[in-house]
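Colleague: The residues making up each chain are set out below.
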Amino acid sequence: MVDDEAIVRESIKDWLEDAGYQVATAETGEEALELIGKRDFGFMILDIRLPGKTGIEVLKEVKAQRPWIKSVIVTAYPSAETTAEAARLGAIDYLIKPVVPDGLEKLIRETIESAGREPTVTTVEVRPKPPVKAPEIKRSVVITREGLKTLVEGLAEDMEVVGVKSRNGKYDYDKITAFAELSLNYDVSVTPPTRYLLPPLETLFKFKLGAALELKPAADTTRRAIIGVHPSDIKAMEMLDEAFMATNPDPNYHARRQNTVIIGVDCLNPSPKSFAPSMGTHLAETGFDLLLTDIGDDRYVVNVGSAKGDELLEKHTKVREPTGDEIARQKAVRDEAFYKYRLSLNVPRERLPKLLDDSYDSPYWESRSATCLSCGSCVMVCPTCFCFNVQDEVALNLKDGERLRHRDGCTLIDFARVASGENFRHDKASRFRHRIYRKGKYILERYGRIGCVGCGRCATACLADIASPLEAFNALAESARIQEAARRVISEIQPRTELYTPRPAELVRVRELTAREKVFEFRFKDGSALGQLPGQFVEVSVMGVGEAPISISTSPTRGKSFQLAVRNVGDVTNALHKLQAGAVVGIRGPFGNGFPIQALEGRDVLLIAGGIGLFPLRSLLQFILDRRDSFKRVILLYGSRSPAERLFPEELADLSQRRDIEFHETVDKGDATWQGNVGVITTLIPKVNIDPKKTIAIAVGPPIMYRFVIGELKKRDLADDNVIVSLERRMKCGVGKCGHCQINGVYVCQEGPVFTLTQLRKMREAV
Amino acid sequence: MKPKVAFFDFSGCEGCQLDALNLDAGDVVDLLNAVDIVNFREVMTERADDYDIAFIEGSVTRESEIARLQKIRSQAKVLVALGACASIGGVNCLKNHLPMEEALRIVYGDKAGYYDTIPARPANAVVAVDYYVRGCPPVTGELVKVVKALLLGKKPEIPNFPVCVECKMAGNICVFERGKTCLGPVIRAGCSAICVTSGRHCWGCRGLVDEPNVDSEKDILQKYGLTVAQVVEKFKIYNTYGDVAK
Amino acid sequence: MKSINLKVNQITRVEGHGNIVLKVSGGKIQELKWEVTESPRFFEAMMRGRYYEDVPYLASRICGICSIAHTTASIQAVEAAFGIQPSAQTMLLRKLLFNAELLESHVLHVLFLAAPDFLGAGSVFPLLQTHPDIVVMALRLKKLAYNLAEALAGRKTHPLSCEVGGFAKMPDLKELEAIRKRLEAALVDFDTVVGLYKGLRIPDFTRETEYIALKDAGEYAFISGDIASTDAGIIPLSNYLKVTNEFCVPHSTAKYTRHKRDSYMVGALARFNNNHKQLLPRAQKVAAELGLKAPCYNPFMITVAQLVESFHAAEDSINLIDQILSRGVATEDNAVKPKAGRGIGAVEAPRGILFHDYTFDKNGVLTNANCVIPTNQNHNNIQKDMEALVPLILDRPEDEIRLRLEMLVRAYDPCISCSTH
Ligand SMILES: Cc1cc2nc3c(=O)[nH]c(=O)nc-3n(C[C@H](O)[C@H](O)[C@H](O)COP(=O)(O)OP(=O)(O)OC[C@H]3O[C@@H](n4cnc5c(N)ncnc54)[C@H](O)[C@@H]3O)c2cc1C
Ligand code: SF4
Ligand code: SF4
Ligand code: SF4
Ligand code: SF4
Ligand code: SF4
Ligand code: FES
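Residue numbers (our numbering), protein chains in the order written: chain E, 21 to 787; chain D, 12 to 257; chain L, 176 to 596.
Simulated from the structure, these hints should not be mistaken for laboratory data. A quick note: this is a predicted structure, and the numbers were derived from the prediction, not measured. You can take every hint at face value.
Taking lysine-lysine and the DSS-like style, the derived pairs with C-alpha atoms no more than 27 Å apart in a straight line are:
| # | chain 1 | residue 1 | chain 2 | residue 2 |
| --- | --- | --- | --- | --- |
| 1 | E | K419 | D | K165 |
| 2 | L | K344 | D | K191 |
| 3 | E | K538 | E | K580 |
When you get a sec, could you build the whole thing from the sequences and use the hints?
Modeller: What follows is the structure in structure tokens.
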């Protein structure tokens, strides 16, 4: 409890102690930081106005040193700037003075409970709904074709207009220069309009190589109207909004979205492959600025979906109130269209997740995917597919470069392949299944919106004729009921402009560990700390070469610089290995959940490191050693392939001298110099004595190690909850967007990389 | 030290090399700032035997070319196959379906005895190849991309997904929907599906992806009306050197 | 008495592999040979058994420089065999596409391959320092030709959109309009090149020979017409074999040809000698300025004739674009019905007259092919020119003889891998 007013400080302390909490108080920020340096806290209540260091400054330092401490700020004069700043620095809420004890206690209880609660992996935490102000406006008007023409021509003067045009007997979106080019009565567009929000290829940011790394964001802010969007595609856009703007708001997507006007049109002649009604997407109530229904006689009923839509009508054209007859007509043409759909789902769509849950081992995947070409057509034409890859492109002058993102997809062979060659979805069947699971389950569970809008494009595009999710769902039909996932409405949000742009960090020191591994020490150019938790990772950029996820190898207790230990296996890692002190790299993060430190406190901790698994574990080990009193026994088992490949040998030698840690080591193959154990790491486990009630085991190593280590630990009766591993997956974005790291429904970069065995058992693809 | 770059032509149309020159003036300047071109018979008189990166164009179709290629390999630090002929054998391998004497007779008649030839083969059938710039011809600037990647110390990015991916990105209507046929689903991308975008179909000039589902592609071609012989014919044009054209 | 043992192994700055061998002892020429060592690829054998649709695609791969010429000749041979008459729109687009390649090829030769000889450099790269404007301009002109071809056929080397029956994709008229502007500017650039060539000393050497080219009553022929010879007048296309008379020599993997004399010449100079009256006005004027007058018997003037033709092609392209813009373009149905039969296609490739002659079975599968390439018609003439030239310069230093012989070969702008095919 940090406050300079004694009365506030002491009264809150009393309340909380009465409620059963341990409370320490501080009068100034400096005092608070000193306390925090000595002891661990779970929760901090902080006055913003303090003598000396301000509350904001204290928050900053706490975030860097003890990021797991939850803070609430208290202020008598709330201002939008300070609360926003505090929120950015991780404050979970703010309270306005005078503080009522009930509110505070409740807040602390909920926060602590939610932190202690094991995050259930397959359910998504849905954030509290922001005030629902969804359809800003709901009214209908009537516009004539002539009036529509005036509207389109008017729009064309203000912005780029794209719309559906006929092309070789099909329809597709393209730039519109004259109203006559527009086809408003079409079945389906070859490519989805979502490509104007998430283009096949775009620049995330530009950079200039050199001592001072220059980065320039590159968001497309072209003002654009998309005309003729079918309701199913509108629903797809709403789903993308959820994925790209609700959490980790994507600056490039956001810029496009903010500058896009959507003028929808009801689909009156659906494609024979569409099954939109089954997915509940043949009509749309939200997600557009204007929505047209062709009621014949060159008249359209226009549903106005936003204030912007209203303004556009006002500015560019004339509309009138609809007659009762015209409203009836709108309903009639929609009904007529409804009966034109040929295909339908044989199970209620609410049941899809359960249906898929029960079908994981179905022979369907193997047999149906035998003819899959892994051609990616299904994902490239899909309005709800959004996975991507990221690449650096440098000009011939070898100075100017840009980081590009381009579409990628889970049915392509290399989607889940990592540098070591391991491919986490190497067979057609698992890739095929993954896509169908995304369409029917994972996306729904993550975003609360269905992952397939039933447009039928994939079914048309797939030459092997196997891609339609409808066909898969119907084939797998089974019954069970699940709750329809909650819906969210996206409100005003600020994009995180720095989402993809790394922060420049300077290489302070490099040290060679073995022939293949080096350890790098970095410091941010702006002097700030990384603020990591042990077990988290960063994305490291060598500009021009690319970005790679690397675990942080040092504890936050060891000062502002941080170390990354890297094995040279591919482009980025190789480029890192060539760097000399003074070089500048880009860092994003820290990402991921990190090791559950609070759960370890007061327990016996068994650390098992295989090979470079020591890299992430080292930060945890340092952390534990620095606050040794908070933990009971600490046991470290470490296995390397050969004596020459032992990492940090001097540190290992140190450890073996220490009395407060039990350290055992082995090598797969010994040599003349080696006097210690020989054998794989599992042979060390029987050597230590473990109290299964008190011990938490944390294992990090190559995928193959886990199976054996887990088996061995189970023999010692450790509960699944007390076995923790860190998983490697291919990663590109680190922020839960690009899709590469996904294991079933879980994004490893978000919910992981650290998982308990209980969680792991629910993720079928994991081991 | 600027890396020294050399170009060598074997049996081919030399289109790959000439296209490599299709750069803007600024790019030519930048390129010459970054590398020394020491051997490029097509456009320059000077030649040298000291080079770091050798680009090989054309396939090997004579005994004498085998030794020549081996010598280049022994001198080059990095050897790059440029174009379909060098990467996968290219159209030249069509003659491999005939006995060599027959091919000689068809072209030279009774004077066949003046000349010699062996079945055509890609560079990697003779020496180790480090990188491939695929295509017949490669798309403009692709070679420069490889040079840049080598200068920046990364592997040149070579897609291992089929042409369909880029074809869809380009927004094309699939040729199968127009009643024609295409090898795109099993052929390695990198060309932005230029042939489909230009109104035609994919002939397969960039070679197969790593794990092509050739059986499925053959079924699909038949489903769209091709005879077995025509299906084989499709694969023959570029992909004879492997054994899919059977 | 002078002895020379000269061998130019793989002459540079030409397309393909060829050697010059000169042995002189006691002042007497013992051996003088233009050797073509290019590895043959056996296109005529490879074309057999191919479906008609793939034949022009394959024919294109005969040559990376003149792939549009091969594709066009091949398409026209298939069309002739099947009795297809291309539409007026197709002919306009084909001519325009053809001009693009002619421009590109001539620019490449005039400014990249031949010019370094006149400017005393080994390649265009050092010219970047000494004559930067010229190089930048040359790259600009090349780019223009590339862009024109790209607008019409997707790409320049191995064009895509042109197929049997017509064009598979229509060009974007806005793009053509923009290119038209650049063509106007190109005419100014070409004037600069004329200035440059005016100052150069073109070797003075003449040897009269037979000059053969396509001739069309309506225009300076490139993709239509019959065969014209300065010795024999007009010969119908169907009789082309009587003109070419191919034969083999052991030192050349490319075949040789001869007609009325020991050898004949094809290419820009042969076209000029036969058709100069049909050149467009700008080209006529430039020919006069550069001292190119028909008949011209100096092979070193081929490069000059190419420059003159560049003017013609640029001017013609502007006219063609105007016609296309005023009539618009419409997608046509290029459906083709194969039938059994033989067809001959002839065009004037940048380096001269080119024949493709195919026979198909009723399913449209090719059973026989014969391709006669411009450079294989010129090889024999190069040999004969050398034989006439060497005695005149035998008293010069060896290096000069070597350079002069190389320049002679380069003047022909030989396309060797193409000639061997
Ligand atoms: C959470 C996490 C922590 C890691 N920590 C470390 C560490 O501390 N030290 C270390 O040496 N290695 C670590 N790795 C592995 C490291 O990320 C890869 O070796 C590295 O990405 C290879 O990239 P590259 O560019 O050198 O190879 P390339 O083969 O050129 O890789 C191309 C791209 O593919 C992706 N990719 C390839 N392999 C992997 C992979 N294994 N994991 C994620 N993305 C991949 C990356 O985006 C990479 O940029 C970690 C991986 C993860 C997921
Ligand atoms: S499901 Fe169909 S479209 Fe998708 S990758 Fe497989 S074959 Fe291609
Ligand atoms: S999965 Fe297929 S049907 Fe569903 S939205 Fe995507 S493309 Fe449309
Ligand atoms: S790959 Fe194609 S363009 Fe290149 S040399 Fe061979 S035939 Fe010519
Ligand atoms: S046209 Fe060819 S490359 Fe394009 S999607 Fe269809 S099959 Fe694939
Ligand atoms: S589409 Fe096919 S044939 Fe055309 S360039 Fe690409 S790979 Fe080659
Ligand atoms: S979603 Fe991109 S790395 Fe996890």
